[in-house]
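Colleague: Put together the whole structure using the sequences plus the hints.
Each protein sequence line maps, in turn, to chains A and B.
The first sequence begins at 1 in this note's numbering and counts up by one.
The second sequence begins at 1 in this note's numbering and counts up by one.
Just to be clear, a hint being listed does not mean it is correct.
[Said to hold, decoys possible] The calculated DSS-like cross-link candidates involving lysine-lysine, where the alpha carbons are at most 25 Å apart (straight line), are: (1) B:Lys169 to B:Lys297; (2) A:Lys488 to A:Lys251; (3) A:Lys251 to A:Lys287; (4) A:Lys247 to A:Lys195; (5) A:Lys195 to B:Lys84; (6) A:Lys195 to B:Lys66; (7) B:Lys184 to A:Lys195; (8) B:Lys66 to B:Lys84; (9) B:Lys55 to B:Lys66.
Hints were generated in silico from the structure; no laboratory data involved.
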Amino acid sequence: MYSDLLNALPEVFGLANFLAVIIGVIAGIVVGAMPGLSATMAISVLVPFTFGLEPLVALGLMAGIYNGAMYGGAIPAVLLRIPGTPAAVATTFDGYPMAQKGEGGFALQVAVVSSSIGGIASAFALMLLAPPLSRVTLLFGPAEVFWVAVFGLASIIFLLGGSPVKGLISACFGVFVSVIGSDPIFGSDRFTFGKLELLDGISIVILLVGLYALPPVIDLLETPLKTGVSEDKLGTEPIWKALPRMKGFWKTWLRGSFIGIWIGILPGAGGSMAAFMSYNEARRASKHPERWGEGEAEGVAAAETANNADTASALIPALTLGIPGTAVAAVMLGGLLVHGLQPGPMLFRDNPDVVFGFMWQFLFGAILLVLLGGSLATNSFARLLNLPRPLLGSIIIVLMLIGVYSIHGRMFDVYLMLGFGAVGWVMDKLKFPLPPVVLGLILGAFAEENLRLALRIGRGDWSVLFRNTTSLVLVALTIAVIVGPGLKQRILDARKARRQA
Amino acid sequence: MLKLIQKGALAGAMILAAGAALAEYPEKPIEVIVGYSAGGGTDVMARTAAPFIEKYLGSGASLVVKNMPGASGQIGVTEVAGAKPDGYTIGTFNLPGMMARTIDREAGYDRESFTYLANVVNDPNVIVTSKGSGLDTMEKLIAAAKEDPGAITVGMSSLGGDDHFALIKLEGLTETEFTIVPFKGSAPARTALMGGHVAMGILNISEVASFQDELNVLGVATEERSDFAPDLPTFREQGIDLINGSMRGFVAPAGLPEDVVAKLDDAFEQMAGDPEFLKAMADTANPIEVVTGDDFKQLTSDLYDLANKVWQETPWN
Numbered sequence: 001m002y003s004d005l006l007n008a009l010p011e012v013f014g015l016a017n018f019l020a021v022i023i024g025v026i027a028g029i030v031v032g033a034m035p036g037l038s039a040t041m042a043i044s045v046l047v048p049f050t051f052g053l054e055p056l057v058a059l060g061l062m063a064g065i066y067n068g069a070m071y072g073g074a075i076p077a078v079l080l081r082i083p084g085t086p087a088a089v090a091t092t093f094d095g096y097p098m099a100q101k102g103e104g105g106f107a108l109q110v111a112v113v114s115s116s117i118g119g120i121a122s123a124f125a126l127m128l129l130a131p132p133l134s135r136v137t138l139l140f141g142p143a144e145v146f147w148v149a150v151f152g153l154a155s156i157i158f159l160l161g162g163s164p165v166k167g168l169i170s171a172c173f174g175v176f177v178s179v180i181g182s183d184p185i186f187g188s189d190r191f192t193f194g195k196l197e198l199l200d201g202i203s204i205v206i207l208l209v210g211l212y213a214l215p216p217v218i219d220l221l222e223t224p225l226k227t228g229v230s231e232d233k234l235g236t237e238p239i240w241k242a243l244p245r246m247k248g249f250w251k252t253w254l255r256g257s258f259i260g261i262w263i264g265i266l267p268g269a270g271g272s273m274a275a276f277m278s279y280n281e282a283r284r285a286s287k288h289p290e291r292w293g294e295g296e297a298e299g300v301a302a303a304e305t306a307n308n309a310d311t312a313s314a315l316i317p318a319l320t321l322g323i324p325g326t327a328v329a330a331v332m333l334g335g336l337l338v339h340g341l342q343p344g345p346m347l348f349r350d351n352p353d354v355v356f357g358f359m360w361q362f363l364f365g366a367i368l369l370v371l372l373g374g375s376l377a378t379n380s381f382a383r384l385l386n387l388p389r390p391l392l393g394s395i396i397i398v399l400m401l402i403g404v405y406s407i408h409g410r411m412f413d414v415y416l417m418l419g420f421g422a423v424g425w426v427m428d429k430l431k432f433p434l435p436p437v438v439l440g441l442i443l444g445a446f447a448e449e450n451l452r453l454a455l456r457i458g459r460g461d462w463s464v465l466f467r468n469t470t471s472l473v474l475v476a477l478t479i480a481v482i483v484g485p486g487l488k489q490r491i492l493d494a495r496k497a498r499r500q501a
Numbered sequence: 001m002l003k004l005i006q007k008g009a010l011a012g013a014m015i016l017a018a019g020a021a022l023a024e025y026p027e028k029p030i031e032v033i034v035g036y037s038a039g040g041g042t043d044v045m046a047r048t049a050a051p052f053i054e055k056y057l058g059s060g061a062s063l064v065v066k067n068m069p070g071a072s073g074q075i076g077v078t079e080v081a082g083a084k085p086d087g088y089t090i091g092t093f094n095l096p097g098m099m100a101r102t103i104d105r106e107a108g109y110d111r112e113s114f115t116y117l118a119n120v121v122n123d124p125n126v127i128v129t130s131k132g133s134g135l136d137t138m139e140k141l142i143a144a145a146k147e148d149p150g151a152i153t154v155g156m157s158s159l160g161g162d163d164h165f166a167l168i169k170l171e172g173l174t175e176t177e178f179t180i181v182p183f184k185g186s187a188p189a190r191t192a193l194m195g196g197h198v199a200m201g202i203l204n205i206s207e208v209a210s211f212q213d214e215l216n217v218l219g220v221a222t223e224e225r226s227d228f229a230p231d232l233p234t235f236r237e238q239g240i241d242l243i244n245g246s247m248r249g250f251v252a253p254a255g256l257p258e259d260v261v262a263k264l265d266d267a268f269e270q271m272a273g274d275p276e277f278l279k280a281m282a283d284t285a286n287p288i289e290v291v292t293g294d295d296f297k298q299l300t301s302d303l304y305d306l307a308n309k310v311w312q313e314t315p316w317n
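Modeller: Have a look at this one:
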């Protein structure tokens, strides 16, 4: 198997194949950086065109776009507090405060280096460990996947800080949105009001763009006309000067890569959950957690490492089992089918050149990210802040409208997005956290579907949820997440009281 | 006299014009509406077939595939049903799903809404069991199902689809009862089977072709053995008269001009015999079974009646 890996290498360095990766990375960064446009969309637009292309050219473009977009999403997240992709939500926590403090350039450099490291780790996992890791995926049946979703929801509500009650309300709103559409088991309509457009549920991109992009744009337009952040306030410096400042991050990088790869091989959860979990874990391990959320560079590193570390690993279940780990991987699977590459154990035997070539392209995509991403972001996108605010606001609104319209090519989605924008603006003013809404939508649907499948398998017996070790470990983790913070506080209080006494 | 000549000339010109229009169909690009996103099985079929249809329609015909995904293909097929019947809009059609949707919900079309061009793919159902279940023959499976009705969990891609109808048929033929676990699509169902989370699965042969070492494939629901797995016995050989599958083809709006229908039918029939086309479909794991015109309409009607019968007896929502 590993000799196949090496045999595939020369093809990858063919001019057209390598150029495809480079173009893909640049296109991905640009698409990811634009609020409203996502990697999923860019790749689904690309799939029909790839019919006429050589497989490795087509796959190289996709690999590049995927890697590029996962980092590109960080650019508006840092500069404007608007995550360019769902996975970049956690990047806003510390990235935006950094930009406010005049460290935006450094934040972007941390993001690009971390993204690249995550992507490289993930590509290695895909290249070397795909078959054994796909065995892990098999351990997760409906009951186990249900607990993964519950664990994800619990950690976002209870660990992100702030008021758990408000977090819970936000998450409930997200879960409610996930209920809209056809019932996952019976297919009957729920809250669709007879609209075919709502039958498939509400796309995460519509919700994200409305909730996250519209309120900041309104803020932009509310504040009076003034010139933006000046060049020196952005804090741009060459990347080799920035690198030494990141030397303490290796633990965060390692942890983020591990979490990202792990979440990637579980079906459905995807980049946003990886980024949140990595952020949480890194904060917990930090010596000064109180600084997090106020511009801690390590927070950006944690989120960006993990959301790139799930890119290639999400393809492990996609290639070996035909079940994609993320929405982007699902679209890429379509791109593979177009070229007659059927997922499954035979894929690696029948088409080693293409499959292993594709894996190499992932690796090179991740490496190219540092070279292309650093300068592209700091030299062009970061200058966005110098634009007059009304102009910047208008550009973002146009991009949002185009992006949302192009998902399915219908105005209905645009109106829906504007509606979510209004909700997001109110939530922002009332200080309700937005991340639980996003995860509520993603994980709520996931939890419901799998709970119901598990109960059908158990023929209505709830004990099916606790029948094996994998489930029990996940239950224990969930309980730890819920009672952990309160318990820790109580122990600290008790210690303090004892000391005082 | 002059008037008469004028009239005659006008009539002649009109006949000529009409004749020219006939000769020239298609004189502009034909839109093929696919109700699923690019890269899915139906999309791949449409895009693989398009160049062959272009070739056999001749006169510089061009087909443009337009994806209108959503609502399990319903948005696309509703669009086709409502399109102008001029031959410039055709669409993909899936059976029995498209007919089942007219029964389990309000649909913007029915079986009379279409001109039936050709069914192209027939992907037969297979019954598979997980390696760990120990149920490696149909006999053992049926015996186990009879011993404890409902104890065997069956993973499939959805309710109201071909796999669901196959199971209903099996239950009727063997007087057994199973517990249905409808996943979202066949790949998750197959994965749950491989992980041993469900005991049995009903899938399509193209979906298990490359997983034969990981699963027990017990039989195929065709009249004769499938080219995809020549070693796999049919259910008929095993004494169960189960024939069922998932079909994909092409339809146009009802009321298409006869000459256009004739041209399209002809093109589809020629395509069905083209070895290059057959190879392209085999490469993308699509078992071919071309049924054109009235036979296709009859097939649709039969499947509608079956779906309706199942719905009356055991509604799924």
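Colleague: Determine for every hint whether it applies to the structure shown.
Modeller: Hint check results:
1. B:Lys169 to B:Lys297: holds, 22 Å
2. A:Lys488 to A:Lys251: holds, 24 Å
3. A:Lys251 to A:Lys287: With a Cα-Cα distance of about 13 Å, the restraint between Lys251 of chain A and Lys287 of chain A holds, given a limit of 25 Å.
4. A:Lys247 to A:Lys195: With Cα atoms ~54 Å apart, Lys247 of chain A and Lys195 of chain A exceed 25 Å; violated.
5. A:Lys195 to B:Lys84: Measuring from Cα to Cα gives roughly 23 Å; hence the hint holds.
6. A:Lys195 to B:Lys66: holds, 21 Å
7. B:Lys184 to A:Lys195: At roughly 21 Å apart (the allowed maximum being 25 Å), Lys195 of chain A and Lys184 of chain B satisfy the hint.
8. B:Lys66 to B:Lys84: holds, 16 Å
9. B:Lys55 to B:Lys66: holds, 19 Å
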